[in-house]
Amino acid sequence: MMNIPCPFCGPRNEAEFAFGGPVKPDRPDPNMVSEEEWAAYLTQVPNPLGPVQERWWHVKGCGTWLTIWRDTRTHDIVVRPADAS
Amino acid sequence: MPYDVTIDRLPIFSLFDLKGPTDDLANWAADLPDFPQVANTRTQGNGVDLCFIGPNRWLLCADIKSEDTLITALRPAEAPPEISIVRVSDTLAFFRITGPDAAQVMSIGCPLDLHQNAFGTDAVSYTEFFGLKALVMRCDGGFDCAVEQSFGNMIADYLSRAMA
Ligand SMILES: [Zn+2]
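As given, the protein sequences belong to chains H and A, one line each in that order. The first sequence begins at 101 in this note's numbering and counts up by one. The second sequence begins at 2 in this note's numbering and counts up by one.
Take these hints with a grain of salt, some might be off.
Stated by the list, open to error - Computed footprint of chain A on chain H; a stretch qualifies when at least three of its residues, placed anywhere within it, have a C-beta under 8 Å from a C-beta of chain A: (1) 112-126; (2) 160-166.
Unchecked claim - Derived pair list, reagent style SDA-like, types lysine to any residue, alpha-carbon separation capped at 20 Å: (3) H/Lys124 - H/Trp138; (4) A/Lys134 - H/Glu135; (5) A/Lys66 - A/Ala31; (6) A/Lys134 - H/Lys124.
No lab work stands behind these hints, which were simulated from the structure alone. Treat the numbers as computed from the prediction; the structure is a model and nothing was measured. Just so it is clear, CB atoms sit at the ideal spot from N, CA and C, and this is done for glycine as well.
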């Protein structure tokens with residue numbers, strides 16, 4: 101189980117959160133990138149072996165959305181939300 | 002060995018969901034206790050509990066007998082656009098778990114650290130209880146716990162099984 105730092109509530113059990121998926125890169129202008137780059141943007145989900153930036157929703161708690169960096173090898177939260185205590 | 006606890010299903014409370022900046026709410030709703038400043042705490046006064054349950058979000062709890070008075074005081078339908086006041090009295094089912102083993106029974110269904118130093122007398126928080134979103138706070142000799150009304154009978158059943 102992860103202990104996820106919520107900016108409002110402080111550290112809380114992972115069970116109180118819903119996973120919001122990895123943070124995707126900004127949407128490129130489809131006219132300014134190659135077809136390969138556009139297809140990659142549409143179809144590829146960040147899935148690194150190591151730190152990945154993710155969104156989590158404190159749905160059973162205060163309702164805040166937050167962003168963390170989680171290491172997929174260890175589940176360590178390597179970067180906490182900027183405003184979390 | 003059975004737990005030494007008493008579980009009561011509490012009668013309905015008068016509940017209002019308040020959203021918006023503290024100052025705007027405090028100006029609009031006179032006679033409320035001071036708004037709590039610390040996240041997941043509550044203040045009490047005039048027969049009203051104000052629970053700070055999320056960013057710019059409070060839950061007002063009072064005896065159901067105060068409902069008409071509160072509606073007159075809060076004027077939900079006339080609230081200005083910066084704030085929102087919604088009566089939610091019929092949305093939560095409350096349980097009171099008291100006795101020497103109250104914390105033990107809570108720990109079966111709730112991941113929060115409910116020790117006095119981590120979850121004090123004025124603490125209140127939404128969390129998880131037997132897999133459901135639930136509001137948990139301290140009461141004299143134990144804890145009050147509220148889940149969505151439609152899950153009330155289910156949680157009553159879970160609690161009776163947990164105590165067996
Ligand atoms: Zn939270």
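Claimed coverage, the segment 112-126 of chain H by chain A - three or more beta carbons nearer than 8 Å: As far as the segment 112-126 of chain H goes, the hint holds, because 4 residues have Cβ atoms under 8 Å from chain A.
Distance restraint between A/Lys66 and A/Ala31, which requires alpha-carbon spacing of 20 Å or less: holds (19 Å)
Hint consistency between H/Lys124 and H/Trp138 [alpha-carbon to alpha-carbon, up to 20 Å]: Cα-Cα ~13 Å, so holds.
Given coverage of the segment 160-166 of chain H by chain A, checked by CB-CB distance under 8 Å (3 or more): holds (count 5)
Given hint H/Glu135 paired with A/Lys134 - CA-CA distance at most 20 Å: Not satisfied, since the Cα-Cα distance of roughly 44 Å exceeds 20 Å.
Pair hint outcome, A/Lys134 versus H/Lys124 [Cα-Cα no greater than 20 Å]: violated (29 Å)
Figure legend: structure checked against the earlier numbered hints; hints not met, in rising order: 4 and 6.
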